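Engineer: Chains as they are written, first to last, in our numbering: chain A, 1 to 404; chain B, 1 to 404.
The hints are simulated quantities; they were obtained by calculation from the structure and are not laboratory data. Remember, predicted model here, so these are calculated numbers, not experimental data. One thing to keep in mind: the hints can contain errors.
All copies of an identical chain are treated as equivalent in the list; a pair is satisfied when it fits inside any one copy or across any two copies.
[Claimed, not checked] Straight-line C-alpha distance at most 30 Å; calculated BS3-like pairs for lysine-lysine:
hint : residue 1 : residue 2
1    : 325       : 58
2    : 316       : 58
3    : 284       : 88
4    : 90        : 284
Protein chains: 2
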Amino acid sequence: MKIKVLKFGGTSVGSVEAIKRSANIICDWSKKSKVIVVLSAMSGETDRLINLTKSFSKSPNPVDFDNAISTGENLSCALMSIYLNNQKTKSKFLHSWQIPIMTSSEHMKSRILSINKNFLLNELENLDVLIVPGFQGINERREITTLGRGGSDTSAVAVAAAMDAECIIYTDVEGVFTTDPNIVPNAKKINKISYEEMLELASQGAKVLQTRSVELAMRKNTKLSVRSSLKPKKIGTIITDEESVLEKNTVSGIAYTKDEAKITLSRVLDKPGVSSKIFGPLSKGNINVDMILQNISQDGKFANLSFTLPRADLEKALKIIKKEKSKIGYKKIISSNNISKISVVGVGMRSHAGVAQTLFDTLGKNKINIQVITTSEIKISILIDEEHTDLAVKKLHQAFKLHK
Amino acid sequence: MKIKVLKFGGTSVGSVEAIKRSANIICDWSKKSKVIVVLSAMSGETDRLINLTKSFSKSPNPVDFDNAISTGENLSCALMSIYLNNQKTKSKFLHSWQIPIMTSSEHMKSRILSINKNFLLNELENLDVLIVPGFQGINERREITTLGRGGSDTSAVAVAAAMDAECIIYTDVEGVFTTDPNIVPNAKKINKISYEEMLELASQGAKVLQTRSVELAMRKNTKLSVRSSLKPKKIGTIITDEESVLEKNTVSGIAYTKDEAKITLSRVLDKPGVSSKIFGPLSKGNINVDMILQNISQDGKFANLSFTLPRADLEKALKIIKKEKSKIGYKKIISSNNISKISVVGVGMRSHAGVAQTLFDTLGKNKINIQVITTSEIKISILIDEEHTDLAVKKLHQAFKLHK
Chain A
1 MKIKVLKFGG TSVGSVEAIK RSANIICDWS KKSKVIVVLS AMSGETDRLI
51 NLTKSFSKSP NPVDFDNAIS TGENLSCALM SIYLNNQKTK SKFLHSWQIP
101 IMTSSEHMKS RILSINKNFL LNELENLDVL IVPGFQGINE RREITTLGRG
151 GSDTSAVAVA AAMDAECIIY TDVEGVFTTD PNIVPNAKKI NKISYEEMLE
201 LASQGAKVLQ TRSVELAMRK NTKLSVRSSL KPKKIGTIIT DEESVLEKNT
251 VSGIAYTKDE AKITLSRVLD KPGVSSKIFG PLSKGNINVD MILQNISQDG
301 KFANLSFTLP RADLEKALKI IKKEKSKIGY KKIISSNNIS KISVVGVGMR
351 SHAGVAQTLF DTLGKNKINI QVITTSEIKI SILIDEEHTD LAVKKLHQAF
401 KLHK
Chain B
1 MKIKVLKFGG TSVGSVEAIK RSANIICDWS KKSKVIVVLS AMSGETDRLI
51 NLTKSFSKSP NPVDFDNAIS TGENLSCALM SIYLNNQKTK SKFLHSWQIP
101 IMTSSEHMKS RILSINKNFL LNELENLDVL IVPGFQGINE RREITTLGRG
151 GSDTSAVAVA AAMDAECIIY TDVEGVFTTD PNIVPNAKKI NKISYEEMLE
201 LASQGAKVLQ TRSVELAMRK NTKLSVRSSL KPKKIGTIIT DEESVLEKNT
251 VSGIAYTKDE AKITLSRVLD KPGVSSKIFG PLSKGNINVD MILQNISQDG
301 KFANLSFTLP RADLEKALKI IKKEKSKIGY KKIISSNNIS KISVVGVGMR
351 SHAGVAQTLF DTLGKNKINI QVITTSEIKI SILIDEEHTD LAVKKLHQAF
401 KLHK
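Start from the sequences, fold in the hints, and give me the full structure.
Structural biologist: Quick look at the structure:
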């Protein structure tokens, strides 16, 4: 049985017109193969639901919270099925508990464990299209769980992986770009990109795909692509294994994220075990620390220790660090939240030297100070003042000739 | 285990404030017994959802339709549970598929077949409050079904019956009144009324309770009452068996409905089998005919046949009757939709004669023409011109001294 998995994001089901437009894309595919559709909630709906829950509790019970916000996808799925059936495309909406889509037990950031492939195959026997809600599943206690922001991408890839099918993500942009076209108008659409590069771009702020969905596609070797639901005829971006990407650019894209914060602890005793006293409690508090930088003081006894974290977690992290002050032992705590991170990504970096040099030269010429640097095999990330973000992205895009 | 079943209608969960107000009532009860709460969707939500489905299809696929409109109760239940847990009242929302609430197989007008009592008892062991969505269940194909308009009342009574518990319906009025207070400002709240009377009032247009819920309570002898969620301290109306109603009024209440239509077929052959040729096809078309009146013509061969039906079904009924014209054999078809039905209800009618006389006298004095009359043991219904509805209700309320 030939199966395609199509995922439509919030803006692609955000209105009656958008749902009908996306339905036409589904009808077209259904003439060539069986189709499983994964849908997000109508754009804005999940935010509306989250705000509603906040009217009743600042920190809602996670079981209740997932029950409330998962209603969004169920509605868009039911509406899509109504329209497809009305258009004589035989369709059925399957709830996550009907299939089931099993997830890990925790709420609000659950992970998909398994999808009942045989049940879906069986249902597809007599139907053209199955519609499955993204973003949710049920756990072993038969409670509804949600996968966290952007989780519908992961749902789609998980369904595709389970069915050994190709996954097409329909969204409101034409594909993955060399950088944000809002900042660099001549940014170019990338035709093919490796999983590894896409993973770095996604985790460094390119918002087209959720990081976990790319990770999963890479692990399962699922054929994945991104297209625009507004221009469905245009080939978007194909995300595939490195070997299939013929033209290996040194740099493929530039991502940035503005929601970073930095904490610096001055005069921390430079002794083994100190890091764990800082990062242990933060990790327990569910705070993901990103970059860590340590400058040894001249006398060799003390160090200044800086680390970055999501801006949303800054207050919570400061509270934890202050509470642990006597155990850690530091002089001052300095925090800033007007910083941003820029990442230059490309598999070609592996074989081409000089990427770091070009980066430093470009920023130096433009008097942009680099606060922290981290590198991986296919990525260089830097931390700069937030006010320089746009300038840095523009100049780097130009320096790496990504517009060509 | 002492259990109370509380049902809150759309207006009682229609806003953040309303949900919090109703939650306080639940918290109070939960100090005295275990509580199962049955909720409607937030007021206006079900209409919004129905309208949304109509944007995609004039006659949506019933499975899809039920999936779409059942999202409303799920949201109000989840929000209520968030607030109760926030208020330290241990609460859990149980989906109809989790319990399960099993219904008959058809959609949009399903009937509850069974509710898993032991599952609910088990869940109540460790909780103060269980929250259950009204209006819905699942069928043997594990599809979500809905019970039809006002079905949440029936859900509540069904849960109460299954748990051998008392059922309190919280709504936006103080109880059942002798007639509509919008027409008769000095209408009185009824303290106690028998199931039979309530059933007649509900089916004849008193909108406080859904007919099926009263029917079910009567069959299961479930203790049922209606209260205002705005004035929860006030005792509302208790609906109970006839023996428990001490003061047996000749007339308990007057109901009316304006959504009636009448069809008259002139010169129908007065022969056996003619009725089934008319009412058979109507019944197949799912049209409930209410009153039927037949006047034999002078020659004894032909009759004029009139019947009433819901106004919403008039067009459909006319189409059916016209299609069957050759089979039925009639001369003319006349329809009117500006008529209303008024019903005078009371168990005391059984023993007191003279109710009909008072009714005819009152309407006669006020020059209101009666088109059709039907009677049952505890009810007299009449059909009049719609424009006289308010006047007739007022004058009858006075004549039967219901304000005293």
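Engineer: None of the hints should be skipped; say for each whether it holds.
Structural biologist: Against the structure, the hints:
1. 325 - 58: Within one copy only: 28 Å inside a chain, 66 Å across chains, cut-off 30 Å.
2. 316 - 58: within (15 Å within a copy, 52 Å between copies)
3. 284 - 88: Answer is between; shortest inter-copy Cα gap is 25 Å, intra-copy 53 Å.
4. 90 - 284: Answer is between: at 26 Å across copies they meet the 30 Å cutoff, but 49 Å inside does not.
In the structure shown, no violation is registered for any of the earlier numbered hints.
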